[in-house]
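Residues per chain, in single letters:
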Amino acid sequence: MADSQIHVALAGNPNCGKTTLLNLITGANGYVGNWPGVTVEKKEAKLLSDKNVTITDLPGIYSLSPYSPEEQCSRDYLMSGEPDVVVQVVDATNLERNLYLALQVIETGLPVVVALNMADLVEKNGDKIDTDKLSKKLGCPVMMISALKNKGIKELFEQVKKSAASKGQVPEHKFDSSIEDVLDHIENNLPASVPANKRRYYAVKLFERDTDACKLINLTKEKAARVEQLVAQCEQDCDDDAESIITGERYGVIAHIIDECLTKAPAKMSTSEKIDRMVTNRILGLPIFVVIMFCVYYIAVSTLGGTVTDFTNDQLFGTDGWYVLGQGRDAYDAAVEAAGDNADSVDPAEYGPYVPGITTVVHDALVAGGTEDGGLVDSLVCDGIVGGLGAIFGFVPQMFLLFVMLSFLEDCGYMARVAFIMDRVFRRFGLSGKSFIPMLVSSGCGVPGVMATKTIENEKDRRMTVMTTTFIPCGAKLPIIALLMGSIIGDSSTTAAWISPLFYFLGVFAVIASGLMLKKTKLFAGRPTPFVMELPAYHFPAIRSWALHVWERCWAFIKKAGTVIFASTVVVWFLSNFGSYNGSFGFLPAMDGIPEEFMDYSVLAMLGNLVAWIFAPLGFSTWQATALTVSGLVAKENVVATAGSLLSVADAAETDPSLWTAFAGMFPTMGACVAFGAFNLLCAPCFAAMGTIRNQMDSGKWTAIAIGYECAFAWVIGLFINQFYNLLVLGQFGIWTIVAIVLLVAMLFQIFRPMPKHAWTDEDETNAASAAVSA
Amino acid sequence: MKTLGDVKVGESSTIVKLHGEGALRRHLMDLGLIKGTSFKVVKVAPLGDPVEINVRGYELSIRKEEAAVVEVQ
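For the record, the sequence lines run as chains A and B.
Here the first sequence stands for residues 1 to 775, where the numbers follow this note's numbering.
Here the second sequence stands for residues 1 to 73, where the numbers follow this note's numbering.
Think of the hints as simulated: they come from the structure by calculation, not from any bench.
On a predicted model such as this, the values are computed, not experimentally measured, just so you know.
It cannot be assumed that every hint is accurate.
Derived pair list, reagent style DSSO-like, types lysine-lysine, alpha-carbon separation capped at 30 Å [what the hints assert, rightly or not]:
| hint | chain 1 | residue 1 | chain 2 | residue 2 |
| --- | --- | --- | --- | --- |
| 1 | A | Lys174 | B | Lys17 |
| 2 | A | Lys274 | B | Lys64 |
| 3 | A | Lys174 | B | Lys35 |
| 4 | A | Lys264 | B | Lys40 |
| 5 | B | Lys40 | A | Lys124 |
| 6 | A | Lys454 | B | Lys64 |
| 7 | A | Lys520 | B | Lys8 |
| 8 | A | Lys520 | A | Lys460 |
| 9 | B | Lys40 | A | Lys128 |
| 10 | A | Lys264 | B | Lys35 |
| 11 | B | Lys40 | A | Lys274 |
| 12 | A | Lys522 | B | Lys64 |
| 13 | B | Lys35 | A | Lys136 |
| 14 | A | Lys136 | A | Lys162 |
Excised from the complex, chain B in its bound form (with noise of 0.2 Å):
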């Protein structure tokens, strides 16, 4: 299964399914990571670690660990 943690900076990806449960699973959710969302890796931090999306427009941070959750193309 790749995940949003293995799409490297610069390369965009469509999200195929969104994994876990509970709070994060909805929250990442609400924020618009959703089946069939497209988004581009913007980024990594200096200490490789998280990254940095672009996603519906607008800038998000998350961690890899956390990416982990969401399926990807």
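Extracted from the complex, chain A is given alone in its bound form (with noise of 0.2 Å):
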């Protein structure tokens, strides 16, 4: 039945708890931060306990302005006759500015529920607001709720029900009397079609000379001239603008609310800003900074993360197995010793609770079940699939420390203190400090890298943090740089330990020198966007919506390589077994007569040879590395385990000496081989990536120049690496070491040279137009 049908939407400041609300009522995994303006598109969902009531989330505004896509958003749905009521969420820590949303929510002529959130912790503070009191002032009901200990949500939905009934309400509050006869006078000169409840609405929006809504009143020459004189005398008369005026007026009625309805406990220091005082300090902020940033990533990567990633990936889903608990390890450990070159004999399973890797699992099961040892469904089974699916599972361990120590200083608050200290630095890039959020989860994966931009609002700056983001070294691309390092100097990860932070620099790098260079585009060009930015009091995350946090992260990586990184194992396993040998295509290992090195013959050598010119300037031509490339674009996390399979060493990882000397082996030079790797490290992500990023930019010609720009990008500083090192090295010289030299005196150019004149004219000529309407 249509007519039981409820529509409710949701308003609110950002950071009022509206999200946290609405994961409460609707069970859905919004996405809840400390941060302000985490929903931007608006959500819709089912109550839990009624499924007639649709419940929209929209994003968290201050304002219904017409400047911002947030507010028109929000606004054009209010307007669009779809809900029946609002719930206007307020944090009652901060009565003054919340109610300013809810006073021009409360003038649109909905039937409005206030919701005061943060019940608990007004409380806390020992402050006391009248709720009866203020509901006479709003002329509208008001509940005190605490979506985070879930307290009076019920009865505000019956609230809300009754409400939802109701015709809706005529504002209560007014405005100075010389405001009120002038809006009086634009109300009577509204056309008779805007009904009853909304004009008021209108009749403050024509004062304000807000352009959306002139256009949508549409008035006739005379009426609407006779508005502005009316406007124009009374501006005079106050020595302001209308906006001013109106702006003005409106927190003039809240502090005279605010007087009558709340009690405020005498001021100490809160903890909040106790904390607060330590860690944005001038001095400590950013060694603090600095301190926390290196223990999280200890932790997340190279302790902790490490071992359990080590353990997913060699014993659980390789061939080692392990023992519960470690129980038998070291019996077993001392009988394989003992037992020397016959140590195969040894079965592990008679030292203790011996459970063996799910590879060899399979593979057993497999041959007893009549399959061919060796053969074509053993090979897709075991090295395609299972073994390419532990190589990524082997990183959501790490991935999942790394996203429960960032969620957690995202919920708390400390991210918006850390776009605090950063900006400075970020904005001589052309990006602000919110941009570094989106480049630390990248660090983690890229996928929910790049969704987390969708808290930067501009969109000049969130294009150009999405573009850039992947440059920084995802823990897909860590293998790479063990594979390099290992390569590079033949030493272990432990003693050569430098070199890793060298590819995180190269990566920072990427993102400055991008950011100097595209600000200077056209594409780019403008004023440096303002960066007013609420700074939330610190608190600790609610477990529920922090844990929802953390799967949501972890769960983007996790589909990634169950859909396209799955499918991908199995393509890349078929191309490099298949191929055409003596004549006749199939299943090379099948094939009589077939060398060793069989995959010279596959599919992937061919593809590989068709485009291996586009890296010859870079040093590296053979298929094989190209191979590397193409697999690297599906998934980095496929170029180690890929170059083991090309490069015939069995049971490749990233620390294996024998892997090294044949990766070594693919290139002319060692300028050749850091070229490959910085070319994979910084060119186009990996698919899940592209497609996040398609999603984000929610643009198809946006993507293509995001990734268009990414491997041009990595193509050039390949070249670089590779030309100068041939130069200054070996002393070659040949046409391409003029094409490096040029393309880098021209990047030096575009990096250092001012910021062009034609850079703020769009910019200039917008504003001249505003300012011209408002004149």
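From these two lone chains plus the hints, build me the complex, please.
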């Protein structure tokens, strides 16, 4: 029955606990962060306790002005006629600013229920709010709730249902009488088609000269002139512009309401302020930040996460197998040592509760089931599917730990301070402090990293962050770095640990250089975007939303592993195991007389040879190197595994010296080897990340620009490395050396030249236009 | 003209007028930075910019460049 359907719009300031409330009442796992502006598009979900109620979560906004896309989206929805009732969520610990939006929403004439959220905190602070009085002043029901503690929610929705049946209210609050007179006159000039409960809203909007509302109402020429005259007269009397007058009146009304309804406990220094004084301290702020980040990565990547990942890769998924709680491991190791050359004959199951690796289990099951050992099916399942998935799921523990810690920092409010601390740095290359979070997350996985850009309101900033954030080496690129390290210096990762930071610096350099170059192009030209941001109070995150937050990010990664990467490992397996030899096409390892290096005849080799010329100036034109790059585009996790199978190094891991030697043998010089690494780290990310870029950009053109730019930039950097290595170390000079020099000069010019003049013309035009409108 | 950016850390002042135009100006107004509003500069970021102010009971981060449109006493 259509009549029983209730549409509820959820409105409120950024960071007022709206999304927490939505998660609680609908069970949807929306993204919650202690970070202003987490919801950008509106989301819809059914109420858990009553399926006839549909909740629409609007983006967090401060006002219903016509200037930002979020605010436009919200007011368009409110005025669309769909919502039956609005739940205005108000952060009760900050009534003054939150009521500013509430007044505007009440002015829309829709039935409104004001939910004073964070009632628990108000109580804790010792403040008192007289809800009855507030309700009278606002002219709508006011309820105290705590979304975090699940208090007052049932009562809230009982009230919501009651209010939905009502026709809405005419706002109670009144401005100064001289302003009210003008508003009355404007109301009288409105066409009769504007319904009674919306007349006040449009009168105020016309007073503000709101362009969208003016277009919608479309007054006759005479009436428009009459209204303009009234407003101009009022502006002259108040010696202020119309927008300021209305804003001033609203805050005036609020000051009056707060005087009567709020009793504040004597101010004391809150815990939030104490923490904040410390972590954003002028001197200690940066060191504390560096220490926190170091700890996060040390725990997630180096120690705990690394151990779990090794376990997942080698023992759980690999062929090593494992002992429950490690019992029997020592005895087994001793037995293997004692057996010497006969180590294979030692049965690990005799020494403790042994669980064989998944690869072993699957392989044995297949062979027992009559499958040919090492045949087509065995190869596809064990090498292709289990091996491929194992390599990917090995990252989940690291990713999980990283997201647990980063999400905590975000939810508790520290990340907003990080943006505050880092803004000065990021502004230099055309970004804002807000771009820093996506880059941190990208160091785990580019997919949630690109998703995290949605908190950046400004479109240019967001696009540029999306384009550059995947330059930061993600978890999947670490094995590539380790492999390169081994190949270049032939040393284990422990003694040559300084190389891997170099690749991080390469990533950071790529971000900075790109920012500096791109902001001077027509695509990104414009004034630096304002960085006016609320710094939310610290709080310990609700376990539930924290867990949801971690889950959402890990899930993005697992989903990618389960779909794109899974499919791609099968495809790569097929391409490298099938091919034509001696005129017949088929499964290469099973062919008669096929040499050991059967992959030279595979489809992959043919494809590799086709595009290898592109990489000739970078020093690697073998089909293997090209094939590795292609497999890296599918998923960076593939590169090491593919290198292992292409180079016929069985059971390859990035820490295996025999793989290092084989890998280094693929390249004519060390320069080419490093160029290969640089290209693979900087070029377009994996398919899954590219898909996410497509979603975030919401434009095919911008996706192409982003990915094209990344590849071109990576190619140029690879060219620099190879050509300058040849020139400076080997003393070789050629046509590509000249190209490299020309490109380097062009790049330096673009980085260091001042902001070109054309950059601001577009902006100036719009400013001039808006000035003309308001003049 | 003295602007918000000129107020020293720990000092309080009152807004006299909001200059500038368009989205930034309206955004600052919506956040409660209007004529007659008093505020306190709480701190400045380690690299000298932006500054954090306390206004209408909450904390706001604003760059000195943007603070330049806010004329204060």
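- Message: Next pair to validate is Lys174 of chain A with Lys17 of chain B; report whether the Cα-Cα distance is within 30 Å.
- Response: holds, 24 Å
- Query: Are the Cα atoms of Lys35 of chain B and Lys136 of chain A separated by 30 Å or less?
  - Reply: holds, 28 Å
- Item | Satisfaction of hint between Lys40 of chain B and Lys264 of chain A, Cα-Cα up to 30 Å | holds, 19 Å
- Message: Hinted pair, alpha-carbon criterion (30 Å max): Lys274 of chain A, Lys64 of chain B. Please report holds or violated.
- Response: Holds, because 24 Å separates the two Cα atoms, which is no more than 30 Å.
- Task: Assess, step by step, whether the Cα of Lys136 of chain A is no farther than 30 Å from the Cα of Lys162 of chain A, and give holds or violated.
- Result: This hinted pair holds, its Cα atoms lying about 17 Å apart.
- Task: With a cut-off of 30 Å on the C-alpha distance, tell me whether Lys40 of chain B and Lys124 of chain A pass.
- Result: Holds, at about 25 Å.
- Query: Within a Cα-Cα threshold of 30 Å, do Lys174 of chain A and Lys35 of chain B meet the stated pairing?
  - Reply: holds, 20 Å
- Message: Please verify whether Lys40 of chain B and Lys128 of chain A have alpha carbons no more than 30 Å apart.
- Response: Cα-Cα ~25 Å, so holds.
- Message: Checking one constraint from the list: CA of Lys520 of chain A to CA of Lys460 of chain A, max 30 Å. Satisfied?
- Response: holds, 12 Å
- Message: Does Lys35 of chain B sit within 30 Å of Lys264 of chain A, going by the straight-line distance between their CA atoms?
- Response: holds, 24 Å
- Straight-line Cα separation of Lys454 of chain A and Lys64 of chain B no greater than 30 Å? OK: Lys454 of chain A and Lys64 of chain B at ~25 Å, within 30 Å.
- Query: Does the structure keep Lys520 of chain A and Lys8 of chain B at a Cα separation of 30 Å or less?
  - Reply: violated, 34 Å
Hint 7 from the list above is the single one not met by this structure.
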